[in-house]
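4 protein chains.
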Amino acid sequence: MINAKLAAKSHPQHQSIVKLNSQVAFGGKELVIIGGPCTVENRQQMETVAAHLSTTSVQALRGGAYKPRTSPYAFQGMGETGLEILAAVSKKYHLPVVTEVMAISQIHAIASHADMLQVGSRNMQNFDLLKELGQAGKPILLKRGLAATIEEFVMAAEYIMSHGNLDVVLCERGIRSFDNYTRNVLDLAAVAALKQITHLPVIVDPSHAVGRRELVAPMAKAAVACGADGLIIECHPEPDKSVSDAAQALSLQEMLELVNSLKPIATAVGRSISELAVA
Amino acid sequence: MINAKLAAKSHPQHQSIVKLNSQVAFGGKELVIIGGPCTVENRQQMETVAAHLSTTSVQALRGGAYKPRTSPYAFQGMGETGLEILAAVSKKYHLPVVTEVMAISQIHAIASHADMLQVGSRNMQNFDLLKELGQAGKPILLKRGLAATIEEFVMAAEYIMSHGNLDVVLCERGIRSFDNYTRNVLDLAAVAALKQITHLPVIVDPSHAVGRRELVAPMAKAAVACGADGLIIECHPEPDKSVSDAAQALSLQEMLELVNSLKPIATAVGRSISELAVA
Amino acid sequence: MINAKLAAKSHPQHQSIVKLNSQVAFGGKELVIIGGPCTVENRQQMETVAAHLSTTSVQALRGGAYKPRTSPYAFQGMGETGLEILAAVSKKYHLPVVTEVMAISQIHAIASHADMLQVGSRNMQNFDLLKELGQAGKPILLKRGLAATIEEFVMAAEYIMSHGNLDVVLCERGIRSFDNYTRNVLDLAAVAALKQITHLPVIVDPSHAVGRRELVAPMAKAAVACGADGLIIECHPEPDKSVSDAAQALSLQEMLELVNSLKPIATAVGRSISELAVA
Amino acid sequence: MINAKLAAKSHPQHQSIVKLNSQVAFGGKELVIIGGPCTVENRQQMETVAAHLSTTSVQALRGGAYKPRTSPYAFQGMGETGLEILAAVSKKYHLPVVTEVMAISQIHAIASHADMLQVGSRNMQNFDLLKELGQAGKPILLKRGLAATIEEFVMAAEYIMSHGNLDVVLCERGIRSFDNYTRNVLDLAAVAALKQITHLPVIVDPSHAVGRRELVAPMAKAAVACGADGLIIECHPEPDKSVSDAAQALSLQEMLELVNSLKPIATAVGRSISELAVA
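Residue numbers (numbering that gives the first Met the number 0), protein chains in the order written: chain A, 0 to 278; chain B, 0 to 278; chain C, 0 to 278; chain D, 0 to 278.
Next up, chain A with everything else stripped away, as it sits in the complex:
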């Protein structure tokens, strides 16, 4: 039904491992948890976040330097300065970095500063960008489009893979629906389906899916229970002061509690969560 050549499982146990760095990999027994703010705001903010996360089971850092915004007049991110902050903090705290690439012209700079390049929902079918990322030399975190079918999602990965880069991780982050109680509807059956269809690791972004802080933890738990290979979760030293997506960011303390609460569920489904991200 879904004609993927490179992303499709060749047998039921077929599972790819995508390495984020020498210590952290997606698709193995150990889940990968990525944390950090929506947007890189300044050095101090990222220092605070990274210092905290490096003492927890969170193994990677997120933060946007280039931000896709509905309005051209909204803050578009710190750009290269943001990348430099990410790189410095990453090195200091031994946390690999995932950050979004919105344009071919940004690939080189981002690939120089970050460990993994994220393709956002709005660009899931930006085929020009996908093809170029086939040559990026870094693993790709591909987010599902807001109204993308499972087939379209897998075939978007296929664009990257067929252009040379097999290190693709899929990320379910909610689809558009009719009830604005939540920001989007988290489609966890898609996670389970993707785990059956493809050999690629699949992670979940509960923060963007629900858009409400109080629903992030239960959705993170559900994601782990249904077989996700990891999570990407927004947290901020002062959530209410976040320049973007304030309503969905966890405090650093809430992040710590959430990660700890996931451990017994991971164990229950035969997975694990790192005791500490770094030695």
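These are computed hints drawn from the structure, not numbers from a lab.
The model shown is predicted, which means the values in this text are computed figures rather than measured ones.
Be aware that one or more of the hints could be misleading.
Identical chains share a label here; the pair holds if one copy fits it or two copies do between them.
[As the list claims (entries may be wrong)] BS3-like cross-link-like pairs, simulated, lysine-lysine; straight-line CA separation at most 30 Å:
1. Lys4 - Lys240
2. Lys4 - Lys18
3. Lys4 - Lys90
4. Lys28 - Lys262
5. Lys137 - Lys4
6. Lys90 - Lys28
7. Lys90 - Lys240
8. Lys90 - Lys8
9. Lys262 - Lys18
10. Lys130 - Lys91
11. Lys18 - Lys28
12. Lys240 - Lys91
Got chain A sorted already, so can you dock chains B, C and D onto it with the hints?
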């Protein structure tokens, strides 16, 4: 935001217990798992199912005697004969029964034969029926409408409650969306949201949500992890011969394996699953 | 594909005529325009509306006596008193009346006072009600459910028809979608599709579809252009004081202007609009 | 509510005129109809289409040289050879050309060969591309994303405009929904809303919206009736042999009949359709 008077939590720990019978109740530490076929087909089928389920942790039996069907020419269920089969099997195997009520005229007969009355998705805003169920004297399993908002769902419960029946259990069973890979999209964030908004027990129907056998187990696990108070799952002695919804029914063996696989997850979130439904 | 036996066209020109009374019929060359408030509020309101509409091309009166409301605590309509007001005003101004039936127990009273019984969106698959309306002896206006497929909509009509009542008019009134700029999304392609699939008249309710006064007129025009057999439009003597759906009601003057603006479009597609509803 | 600075109307009669060439413009009294195949397949095909359309009221030619496809293994279009065919045929038959741009690297070549650059649905929020099109020196046809809100659509235009190009035409082409009877749901209320919110011309693509040949004509009529400034419609010399979107393409004869049927509707709403595209 949601102006429920009777369904709303009065404090964060406010949680109702809805008794199915003297031994089984929704909303406590122990999850309630309901199993059975989509449709009551004959006595032998129900005997086989009930005999099997009575040896597992499944605590209640489902099966439709009156079936809502898109076409008036499709099989509409066995009706009162089906109710009698349900009642006989229930008594023999000590499994309380949940079955759907589609019309006010059926309430009396169903309430005489079953332990819990289910309102299906299509009737979630059949206000006339909801009001009458306020006087039914039996607990109600209220399924979310195919395109009902969380607010509309809670207020439908409020219709039943404000007419005299406080024993309402909510059931998330998937909402309509754009990708036909799955039958519907299971909205587990709604489950978490409902647990925060109301004191009513909330259960999940993964079978109707996904419509594909191979996705039922991961969604059942996710539901338990995010706080659901129970599950209602379709199983059949010969799934491929089921008169309705064949693609989503588990075999009896698959049902047993699923229920066992849920136990460690329930434990991980501080819940439990009955070791045996009956003594 | 859609297995309707009674609602399906037997040949391309197959078109049913559904009579509202001896002078007004759906499905012929002449379009039927129904106007009136969302809710019957009092005698004076209905007198004002009917007196005005009777001098325009509007041929029938709408107004809810029994109102489906999300909350049980919201105003549920005037009930039988509302029906009596509708009947009195109908007789005085020679305008046939369409009003909603929500329950089997209301059928007799409504059929005694009104010329056509409306099934609302929430009840489109209330099969029990549909079957009973097969015996109501009055034409039925069947509104599409909020998330009903075209097939489900046609088969709901089939329920009424197969139980004895062939006088069914379909009404597209918008489906649920993701953008809350409009209340719903008016699916005019469904109107064109229904005109090709079934021989039943198909009308459009632009008011509930868009939920914004300023978009009602362009959608009414579009509906006429694509082949609708009529329109049902909300208007009120003082729209901003309407007890329900105030944002979408037209003033009586706007209603007059709209109806006049539709005439050249009707002519352009080979249809007509009554010059005056009554002699 | 929608914070557009450049796209917003400054007064109710504010309406931009976007010129396609010296003879054809969007936003005036005269509607612009664009016709042609989904994909440029070869010179003969385009000659046949253009020769035919040049004798009708169709004023511009469409045809894809670069094709966005779900699968990387599907035909991706003829590329620059296709552009050359478009340019040659355009010159010979005096029909300006609209064709899709999928990548910044294609802008220069397309702008050299075509009169208008189309941004497809999948790229509506490819902000990098939008910004660059602000410098393209050609008018832009911006198609609505599959799940884009009206606000997001207007703000995507704002990206192009704020980067220097005010010549933007919006195109509604259907949104994703739950019923697969039609390919998408044509949201004509969005057309009416956009005409009220922005001064930009707004056209409609009924072909991609419905995905079924027999529904194109009624939706084209509805679009004209509700105020669209033009239409873009797929037609093909041999629709069933079209390399893409065969089910929705009209034959050249059907295209002629459709355009003629639109004229009285255009007149009815105070608009007109060119008697002949060229002298």
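How the hints compare with the structure:
Within a single copy, Lys4 and Lys240 get their C-alpha atoms only as close as 45 Å, which misses the 30 Å cut-off; across copies the closest is 27 Å, which meets it. Proximity of Lys4 to Lys18 under the C-alpha cut-off of 30 Å is restricted to the intra-copy arrangement: shortest distance 22 Å within a copy versus 45 Å between copies. In this assembly of identical chains, the alpha carbons of Lys4 and Lys90 never lie at most 30 Å apart, being 37 Å within a copy and 42 Å across copies at closest. Taking the shortest Cα distances, Lys28 and Lys262 sit within 30 Å of each other both inside one copy (13 Å) and across copies (20 Å).
In the homo-oligomer, the alpha carbons of Lys137 and Lys4 lie at most 30 Å apart inside one protomer (21 Å), although the nearest pairing across protomers, at 39 Å, exceeds that limit. Taking the shortest alpha-carbon separations for Lys90 and Lys28, only the intra-copy value of 26 Å comes in at or below 30 Å, while the best inter-copy value is 46 Å. Proximity of Lys90 to Lys240 under the C-alpha cut-off of 30 Å is restricted to the intra-copy arrangement: shortest distance 26 Å within a copy versus 58 Å between copies. Taking the shortest alpha-carbon separations for Lys90 and Lys8, neither the intra-copy value of 35 Å nor the inter-copy value of 47 Å comes in at or below 30 Å.
With identical chains, the CA atoms of Lys262 and Lys18 are at most 30 Å apart within one copy only, with a shortest distance of 22 Å there and 32 Å across copies. When the C-alpha separation of Lys130 and Lys91 is checked against a cutoff of 30 Å, the pair qualifies neither within a copy, at 33 Å, nor between copies, at 36 Å. Taking the shortest alpha-carbon separations for Lys18 and Lys28, only the intra-copy value of 13 Å comes in at or below 30 Å, while the best inter-copy value is 40 Å. Only within a single protomer do Lys240 and Lys91 lie at most 30 Å apart by alpha-carbon distance; the minimum there is 25 Å, versus 61 Å between protomers.
Taken one by one, the earlier hints fail for this structure at numbers 3, 8, 10, listed in ascending order.
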